[in-house]
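Peer 1: These protein sequences, in sequence, are chains A, B and C.
Note that the working numbering has the first sequence beginning at 78, numbered continuously upward.
Note that the working numbering has the second sequence beginning at 78, numbered continuously upward.
Note that the working numbering has the third sequence beginning at 78, numbered continuously upward.
Just so you know, not all the hints are guaranteed correct.
Because identical chains share one entry, a pair is satisfied inside a single copy or across any pair of copies.
Quick list of in silico lysine-lysine cross-link-like pairs, DSS-like style, CA-CA up to 27 angstroms [stated by the list, open to error]:
id, residue 1, residue 2
1, 354, 314
2, 329, 314
3, 138, 353
4, 337, 314
5, 353, 342
6, 342, 289
7, 285, 170
8, 170, 314
9, 289, 314
Simulated from the structure, these hints should not be mistaken for lab results.
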Amino acid sequence: WGRAVRQLPGLPLAPCRAFSNNKIQVEMNESSGVATMKFKSPPVNSLSLDFLTEFCISLEKLENDRACRGIVITSAIPKIFSSGLDITEMCGKSTEHYTEFWRAVQEMWLRLYSSNMVTLAVINGSSPAGGCLIALSCDYRIMAENPKYTIGLNEAQLGIVAPFWFKDTFVNVVGQRVAERSLQLGSLYPAPEALKFGIVDELVPEEKLQEKAAAVMAQWLALPDHARQITKSMMRKTVLDRLVAHREEDIKNFISFVSKESIQKSLRMYMEMLKKKK
Amino acid sequence: WGRAVRQLPGLPLAPCRAFSNNKIQVEMNESSGVATMKFKSPPVNSLSLDFLTEFCISLEKLENDRACRGIVITSAIPKIFSSGLDITEMCGKSTEHYTEFWRAVQEMWLRLYSSNMVTLAVINGSSPAGGCLIALSCDYRIMAENPKYTIGLNEAQLGIVAPFWFKDTFVNVVGQRVAERSLQLGSLYPAPEALKFGIVDELVPEEKLQEKAAAVMAQWLALPDHARQITKSMMRKTVLDRLVAHREEDIKNFISFVSKESIQKSLRMYMEMLKKKK
Amino acid sequence: WGRAVRQLPGLPLAPCRAFSNNKIQVEMNESSGVATMKFKSPPVNSLSLDFLTEFCISLEKLENDRACRGIVITSAIPKIFSSGLDITEMCGKSTEHYTEFWRAVQEMWLRLYSSNMVTLAVINGSSPAGGCLIALSCDYRIMAENPKYTIGLNEAQLGIVAPFWFKDTFVNVVGQRVAERSLQLGSLYPAPEALKFGIVDELVPEEKLQEKAAAVMAQWLALPDHARQITKSMMRKTVLDRLVAHREEDIKNFISFVSKESIQKSLRMYMEMLKKKK
């Protein structure tokens, strides 16, 4: 870990440490105890196996760093927070690869959803599917006030099914009814609708995002850590325990699903479509 | 099944099949894959044993018809969607009759709530008690924008208790708090309040109901069936499983409740009151 | 029980019985079947062991009184409904004392949350922590329309954790998401925000509280008791059963928590702060 080159605007200047591998840039402000994780995996911060591995390692490092009490998760790429799971990891690969990939997706969620740190999603771009899951797993969600940015668990639109723990996380944020309708329709909500349905907590003009993030984080960090952590754990335990108890079964389900020729076909078609879009 | 005589306005003209027994008129639009079920059991579409049996058979036929992907449930009788369970089936009958009747109520709900088809309630009139349950069991609810039409699980007003699976279905739509208050008070909500509390999803002027129904159905049918069906099943499984696991117990509870002299008395009084209203 | 000296304004004049010990004044209106419990334990109606014992005894008496169908719970002390658990009961006492105290807290909640009577909280002042729990345990909550009065489960701000059944009661009222955020932040909401987040059902100008209370109570008492009671029990059973099943464990948790030197220290600091405020 070296000294940070750049400062997080809106937080006081202070000695910073940073570590950055390929896909995620982490800056740690030791004075405030807040780390900022910026996704910078062009073109769309898709959650590849490498990305997920790096994300988990970063989370673990910060979790074990006593100086770190909160993390801001945001994107370094304009207009996109994260496009979700990398479909190339799900196409034409071996069972071993699917297993490793899915375990990494689970691991990411287990770490993030159970984090002892205050986790704040600063959603400065679109955030479909797995990108939305990351946001939903944080303690608080601020989104850029831009109706062109959308967020949602849109898996059903691709003919795939959001896993039960995506669903559980979603229900814990928006309630059963909004989750049922949104998951069935694979709805992607423009920022104003995302606020209306409770998917995000606040909309902020894009240029004010970091200032707001610092203010929100300060509010959460004003609480004593220990009571807040136990409270968070109490609120999330049921849903976390469900995946822990069914983790291997969930991997088998994923493999069985992704190995179907019909699913492979629709994923290939989807990738072709994405390529043409470029 | 014969050719349909009437078309569902708002859907494209196409070869249609229809079947109609006594109480429910079903029209199937083969081009759109949408069936329309119209309740026409005067005076108030009450859910008699015959009505429920016919409803279940119709649902089963459509469920097994590969061409049918969605159903619109509505009423052919002005001002009333359905008045709910037929109280004459619960008054002065044998234990065998109560058993058969209650099993039919359960069967109707189990089929409707777990349907693989897109189910859309077009509530063009009042919809108390069991009528409300039918609406709540669909995927989406459109109600006529008429404050004279009311909807709700008003069982408590009659001195009876909504069964646990009515309650579970209600909680899944409006959440625990609104359900707790509404069930205790036996609230019947005029359409605008029903929208406010989330009991229905949209209000539409009565003359635009079918046009809107076609648009909503088209939106839901734009999704691939398979992923949508698995998602729906995932969302509703817990609640469905609960009745399946306690079905005989639930029948016994109903019989024990309905056999009480105090309950028989209040049901008789209620029926007298209804007769005088006519 | 003697004749009541004062009448509850807004309810018809009628023979009344009253009983009052030290901390809670109870008036029973036999004509309406409504009892009014007024907390009058200066300075802030804190829930001491004595207060809780008296509360439980009063609840039991009224529960067993066939003439009593509903209770209004309010405060006789200006600006405060109840300040919550009495911290002096949790500071520097013996394990036996902590056990007895915590069992009384549990007992109060078990009786109130499962009461067969209609329970109406008339929140005419601030209501943090345990005070908020009392309000949340009622069937309906009216709060004075005064932004200076706040309500919420703010335990986390004191470095302590709201027990799981406080949390369950809260989730049943406001849903998982609002509860998760509010409990982590230990949020105290001014009355208008409390309404917005669903913590209370209505705001009423302070001088109209009793009139409104009488109207709300009349609405609830218009329902037949038996069906309403079974419905209430059905809605609350899961959450009640959870504490009943884990009651001893919950006591042990409380003792282990409160016995920690760090917790004792922060409670002492908090008490010092309160003393200085005076």
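Peer 1: Each hint: holds or not?
Peer 2: Cross-check of the supplied hints:
no.	hint	in the structure
1	354 with 314	neither (41 angstroms within a copy, 38 angstroms between copies)
2	329 with 314	both (23 angstroms within a copy, 20 angstroms between copies)
3	138 with 353	neither (39 angstroms within a copy, 43 angstroms between copies)
4	337 with 314	between (33 angstroms within a copy, 24 angstroms between copies)
5	353 with 342	within (17 angstroms within a copy, 64 angstroms between copies)
6	342 with 289	neither (43 angstroms within a copy, 34 angstroms between copies)
7	285 with 170	neither (42 angstroms within a copy, 50 angstroms between copies)
8	170 with 314	neither (33 angstroms within a copy, 32 angstroms between copies)
9	289 with 314	neither (29 angstroms within a copy, 40 angstroms between copies)
Violated hints for the displayed structure, listed by number in ascending order: 1, 3, 6, 7, 8, 9.
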